[in-house]
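Chains as they are written, first to last, in the numbering used here: chain A, 1 to 291; chain B, 1001 to 1248; chain C, 2001 to 2361.
This list has only true hints and no planted wrong ones.
Within a straight-line C-alpha distance of at most 25 Å, the following computed DSS-like cross-link-like pairs (lysine-lysine) qualify:
| no. | chain 1 | residue 1 | chain 2 | residue 2 |
| --- | --- | --- | --- | --- |
| 1 | C | 2220 | A | 20 |
| 2 | A | 189 | B | 1114 |
| 3 | B | 1191 | B | 1229 |
| 4 | B | 1114 | B | 1135 |
Computed beta-carbon distance windows for the label pairs:
| no. | chain 1 | residue 1 | chain 2 | residue 2 | range |
| --- | --- | --- | --- | --- | --- |
| 5 | C | 2045 | A | 204 | 29 to 37 Å |
| 6 | A | 236 | C | 2118 | 51 to 59 Å |
| 7 | B | 1133 | A | 287 | 30 to 38 Å |
One side of the interface only, derived from the structure: several residues of chain A facing chain C at Cβ under 8 Å:
| no. | residue |
| --- | --- |
| 8 | 34 |
| 9 | 46 |
| 10 | 114 |
Just so you know, these hints were derived from the structure itself, not from any lab.
Note that the structure is a prediction, hence the values are computed from the model and not measured.
The C-beta atom is built at its ideal place from N, Cα and C for all residues, glycine as well.
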Amino acid sequence: MIAVERSVPPRTLSTRRRVKDRAFTVGLWVAGVLALIPLFAIVGYTLVRGLSALNVAFFTQTPTVPGLPGGGIKQSFIGTAIIVGMAILFAVPLGILTAIYLSEYGNTRLAGAVRFVAEILLSTPSIVAGAFIWALVVVRMGSFSAVAGAIALTVLMWPIIARATEEVLRLVSTELREGALALGVPRWKMILRIVVPTAGAGIFTAVMLAVARGLGETAPILLTALGNDFVNTNPLQPTDAVPLRIYNYAQSAIISLNSLAWGGALILLLVVLSLSITARVLSDRQQRRTR
Amino acid sequence: MEVSGLNAWFGSHHVLNDVNMTAQDRSVTAIIGPSGCGKSTFIRCLNRMHEEVRGARVTGKVMFDGWDIYGSDADPVEVRRRIGMVFQRPNPFPTMTVLENAVAGLRLTGRLSKSELRELGEQALRRAGLWGEVKDRLSTPGGRLSGGQQQRLCIARALAVEPDVLLMDEPASALDPASTLRIEELVEELKATYTVIIVTHNMQQAARIADWTMFLLNGDVVEVGPTEKIFTTPSDQRTEDYVTGRFG
Amino acid sequence: MAQAAPLPPGATTVGSRRRSSSRAADSSFRWGTLVIAFGLIALLGLLLWVLLAGGWESITKFGFSFVTGRDWNPVTQAFGALPFIFGTIVTSVIAIVLAVPVSVGLALLLNEVESGWLRNPMAVFVDLLAAIPSVIYGLWALFILVPIFDKYVEPFLAHTIGHVPVIGALFQIPGGGKVVTGGNLFVAGVVLAIMVIPIVTAVTREVIAIVPHDLREAAKGLGATRYETIRMAVLPYARSGIVGATMLGLGRALGETIAVALVVGNGLGIGASLFRAGYTIPAVIANEFREATLGVHRAALLELALILVVISLIMAALSRLLVGRTAALVGSGPASAIEAGEAAGIVYGANVGLGPEEDSP
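If we strip away everything but chain A, and leave its shape as in the complex, we get (with noise of 0.2 Å):
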């Protein structure tokens, strides 16, 4: 495009190059815009709609005879509370113990394909979870259960929080773990009280956003604790969850009924939104303490 030989650059751009330019930049600015409208609409939606759902009531109480006003999804904080909660029993222990195989001990071929398992199991879609152990658990159960539901959320949850905890684990510095070796502390007691709490936060953080993901899974309990129309606290029954009472009454064609997913929908986003806010903001600032 310059020859060479040209001792002087030229001073203008050729209009036509310049003109691609423009509307190539002018392009992606289009395609960010576009990207962040849904994101704008759909909070600013939900926040408009779920507002008016939002009362005493809608927290205290069960739904009423479908038709009449008032009512609330009692049932379904206090499910999603019981699922997510048992979910976060079990993921976690099991999701940490895997990050210290994988970055104490991971040097191993073994390693390389838990790793590379995780990896799929992150891409796999969550109602295949759901599937799993709807046939795994609730059809030789014969019953929908909450247990069944946080199995399906462990499936999601543990490597998710098994490859962070490890991102996290594998920061903490060799010098810290030389310096406990050397004072004579054996090797697991050095995992468990020196490299584990040093990476408290990243860990804490990694928790948080495997819950925001648990938290707003609908397909995967949908088949494995279906749901239910009253407050259940027996984990070994349907149980509703809060995701799935918003599923359910979107589709009806009552309006109270949408009127109350809108609310859930509200109460969902809010609590998902800060748990990742919160995550990131936690992560950024820990970031920036250890350079």
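Chain A is already provided as a structure; the job is to place chains B and C on it using the hints.
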């Protein structure tokens, strides 16, 4: 402490060649030599830290208190309790306070009451010459101290488990001159109670504080002897070249 | 050699009995974590096994016709999955066709163009899109998007592109006249596109970021415009990686259940128009599992789930290959789209930010 026939490898890279050395009780022995000569590797063999690296290998004997620390019945964890180490860069545990750092070795390997720990912690901090500066700050996180203070905290931590030998791998190289001086003074005090083996790239430091000096070159022991002799009338030409600064 | 000080409480001499207990503890700890880590592999194996065993009845009964049959009727026990395969592919293709240009554009915008105060907020917003649960996407799409599409977008498209030969057939309103309400393949594809944008953008950004600066500077030094620089120095290298990012997005689109189930219309027909009600594999599993009391029906659903797993496995493997190729070309970088996604913090459905911070080019 007596080293005989020590050889060390990183994978297939032969780093230490048949090293023999004796460290006298309650003295300071300095290991000097140009970078890459194997000083750090050597000292890390003395408390079995070298083998923690992947692909590292050690053969030979290191006799300590009548035992070969590399014997088949020796436990590296126990070895390290008796032979303590201070590293080049201060590495206090970030999640622990000053006091907790000082007694970390004790807490993690034994069961002692809180008051016992506090007392032992104070003792260790005094021995490291740090007590006066931190006695009002015992609950601040270990990482908040200055570099020199952190290193003395690490020394206190190492001393708290009552080792017999203290290995120091260039303990002052990451510190400013004032802190370096304090560490050197500390070493002089410590040698009354402990056997100190210190790696240093700073020859003047060795000349200042060590009773005995060993000169390592490319994994071989060139010369070992009283510090004065090494620096004034070395037997080996290479030693003389090194200490007079002709290379290094 | 004499002891320097009396032994502290708890200390023992070297070579004592203590060694076996501490070594045993170390050993069992290592084995313990190993077993659990292996458990993850066992979990995947179990998953595949359960789906295979569960779907066996259907696999053996229908064989290949499962995939080609158009008739899905639990009552008559006919299970042909073609409508779902068709719908899944169509919605995913729509999603990719719409999402990839936008994502690549956005990625280029964030990495190459915009480095001011606007950049980080924009990046954060895009990542937040990934965190939104799919049921909320579905709800919004059902109540906001579908009416707008039914009333304005689809008739508009039908009257404009609908008349273009060949492609127009895609945009015809089935049955002529009024638009079918309740959702269709097109709007499902659009929702999927929105859901897929964050992940494709994130991975593309990572891929673009590892292209070395020297190449860009060489181009700029020649007097190339920004457009030309990107075309000459960035995109050729990043091409495989971008395809890999697309695969990852495709994988996500293929498996998305809830949002699609709400707006796809649940229709079993197969035809040219995108505006007809359709069905996808995940949607039918979600909708029919409750009533699937017949063994064969259950097996059929599980066979569908198995097909889904296999497809997503292939996508994951492909994307690993392709992103790895860009990394290999450049000499460093993530080995797979998942890793790139992790570095960008997006794979977990929300931002981790655990990876390296972005540098301005």
